[in-house]
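**Q** Residue strings, one per chain:
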Amino acid sequence: MTSLLLRAATRYLMPVLLLLSVFVLLRGHHEPGGGFIGGLLAAAALAFHALAWGPRATLVLLGVDPRTLIGAGLAVALAAGGLAAWAGGAFLTGHWLHVTVPGLGKVGTPLLFDLGVYLVVVGSSTLILLTLAEEA
Amino acid sequence: MLAGMIAGLVVAAVLAPLVERRLGNAAAWVLGVPPLAFVAVVLTHLPQGTAVTLAEARPWLGELGAELAFAVDGLSAVMALLVAGIGALIVVYAGGYMAGKATRGRFLAYLLAFLAAMLGLVLADNVITLFVFWEATSVVSFLLIGFDHERAESRAAAVRALLITGAGGLALLAGLVLAGLAAGDLGLAGAQAWRFSAWAAVDLRQHPHYPAILALIVAGTATKSAQWPFHFWLPGAMAAPTPVSALLHSATMVKAGVFLLARLSPHLGGTAQWRWLVIGAGVTTMLVGAGMALGQRDLKRILAYTTVSVLGTLTMLLGVGTALAVKSAVVLLVAHAMYKAALFLVAGNIDHATGTRDVTALGGLARALPWTAAAAVLAALSMAGAPPMFGFVGKELLYTSKLDLEALGAKLVVAAVVANIALVAAAGQVAVKPFFFPWRQPPHQPHEAPPAMLLGPLLLGLAGLFVGLVPAVFDQTLGPAMASAILGREQDMTLKLWHGMSLEALTVLALSAVTVSGGVGLFFVLRRRLGVAARLVAQASVIGPTRGFDAFLAALPKLAARVTAVVQTPSLGRSVAVAIAATLSVAAPPLLIGDFPRLRAGMAGAGIHEVVLSLLILAGAVMAVALRSRLAAVVALGLTGIGIALLFALLSAPDLAMTQIMVESLTVILLVLLFAHLPPSPDRSSRGQRLRDALLACAAGLLMATFVLAVLPGQFPATTAQFYADRSLAEAFGRNVVNVILVDFRAFDTLGEITVVALAGLGVWGLLRLRLDDPRGDDR
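Top to bottom, those sequences are chains A and B.
Residues in the first sequence are numbered from 398 upward in steps of one, following this note's numbering.
Residues in the second sequence are numbered from 3 upward in steps of one, following this note's numbering.
Rather than coming from a laboratory, the hints here were simulated on the basis of the structure.
Errors might be hidden in some of the hints.
Taking beta-carbon pairs under 8 Å as the criterion, some of the chain B residues facing chain A (in silico) [said to hold, decoys possible]:
| no. | residue |
| --- | --- |
| 1 | A536 |
| 2 | P656 |
| 3 | I671 |
| 4 | G736 |
| 5 | I743 |
| 6 | D746 |
| 7 | A749 |
| 8 | L753 |
Even glycine gets a Cβ: it sits at the ideal position worked out from N, Cα and C.
Based on the provided sequences and hints, a complete structural model is requested.
**A** Here it is in structure tokens:
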């Protein structure tokens, strides 16, 4: 599939979509959004790119193996839970920084956990999409 | 303190490969030090009588009554000393044994991890703590048996050991949980009910669940300690490198079952059921193991079967349960750990030096391996129970404790003498034949082992001699404390080589003489007729449990393949149909039998936009079924999905709506990608198939609708939603309740879900990759 229109559109849409996915991830705690939706959004952006430029190009753009993203996501989520356990609470108890970050409000382990969700969803969806596309 | 030390050992295990890479041959000497810390700590905190030292408990899965609790009593002190002491020697030995191999770092790491698990097991004072470490030893044992994972034989042995001990572990878990609940029933409150040291306050034998508790726990200990009919995994485990056999499969891990029986004998022992079950298993194992040992050619298999026999003897003694029997179990356990570990290491040295472990191919090695030979003789004398070794003291006590019994005693004495005659002959096979009988040319020119591989066997052999000559080092310190802990009451102990001229003492001495001379005679018979014995044993093992187990293991995948062939046909449509039909058959009856939910008919309260959206969704569904073009059907399905998403948005669930839209978009992309693989024109299914599919689809849809209707009418506690809404901002600092629930309140669920997502991704990747790499993959 080499469509000039699609390729041109991807150039402009990709960065916007990826930024949007991060935005959705970060706003999730207060407004609709979160790691799951953000992850799916990023995966859709990457799928878009893969359709236009081919899965190899997307893999190069991504820079890491999607499987690494999955592993990293699970590790981050586990670490977010483990931090609480380390601090003496039950696994996955939320802990917050005392400073408030402008635009985000309070920042703590739940956000880290959400980042893990985001990474797993991006990794998993992209892995499936790219593997399917590569076979095509 | 103990928990910290165990954690330290785990850290040492993790660092072991790095240390090995940095220090090379010296690494094992350094890594042998951490286990010695346990020896030092336990020796400085030796408990007296039934007392407990170094007790500690920290909360861990609080609601489940599980604590991370450790304590040192007489029993755990002796076990910990054996594990840590022999462990340190074997770590050093392994450094020499694996010298020059790239896998040495990993091997040392596994050994240290095993020591951590085993020490946690023997020092545990909480039911759940014990079980977790118990399972950990099984897992590490699996890794170690299968260490040479490129050999099919190792892999099979590792799987067999894991399955047997794992199944036993499940039985044990059930038994231990029942016991903890029973202790709670009988009046122990909270964490006390799950603490071994607290069980002395109640009598578990009075509880109606006692027979089940006993049977389940004995099943668990029998698999771990290789009791008949579960014994066969142990000789198979000899596929592991020799240091593993010495550490796990003779001195420590296989004693875990015996250890737990001993730990529980004051709480569960003494009843008729206990006696029949435990003595029965023990005697059978003792005789089977001794008999099988005689027909082996491989040094390690000979030792493995004698280990089985001794484990049977220990079990039998704990079943008898008199003070004398327990004391003799204590002495035998310690003596056996020392001599058997030494003999395994000797076998390792022989293998290392000559390239073979076949006893018929070995002879006259004493000149080439003088130090190994010395260690072998010391250990074998202890095994044969010859004076003045520790093993002699143990055997004397064993016979005395049997004579002590009335009716059963005579039979048990005969059985024990028969088994011990076989052990004497086996000791000769392992330690005399290879060194002192006429020279045989082995595959390699033999050479003496390096110091790292001599330290262990020599020290352990000498220890057997030393404790035999100076029994006060044992019978004034560790021995009575261990016996007291097992019996649950204060004991003292006197061990001596010479018991005077009483009738009983002379009888026992005569039995010893019969054992040794009988064993020597048998040894000479075996020298000429080992082939006959091997054939007999091979024929006898046809009726043994090994065959049955292997047949079971072989049949299981075939059964699975048959079921899969029926349930998961290559046709995706039929697979889905089977899944839906199965769900319906399970889920529908309860709904039909129960109160059928009142269908609240009418559209009251529904706005015009909701009606329109619903019609849109319906239209999409109908079109998806009716349209002939695939692409059009996908677009129609997308219509349904977007309609549902809009409905979510209208019903003020923006998170759901957003997710739904994203999923719909990705689904369309996925389907488009998939179309590349499908034949250009869709082949329509037959009329009958379409009718079947339509029926199934309608039934499934009805079921889901009924479910929703059944759940809806106000069965939720109204407080649930309010609970989350109230606390979301106050306690979790988030205004988006849905997200707060996902990442905070119920984050553990989410963790499980993302694990599933991750596995699904990897699964799809694996399936597609397998197909790509293997052109025949299409058929599977």
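**Q** Look at each hint and say if it fits the structure.
**A** Hint by hint, here is what the structure shows:
1. A536: 51 Å, violated
2. P656: 4 Å, holds
3. I671: 5 Å, holds
4. G736: 4 Å, holds
5. I743: 10 Å, violated
6. D746: 5 Å, holds
7. A749: 5 Å, holds
8. L753: 6 Å, holds
Checked against the numbered hints above, the structure breaks hints 1, 5 and satisfies the rest.
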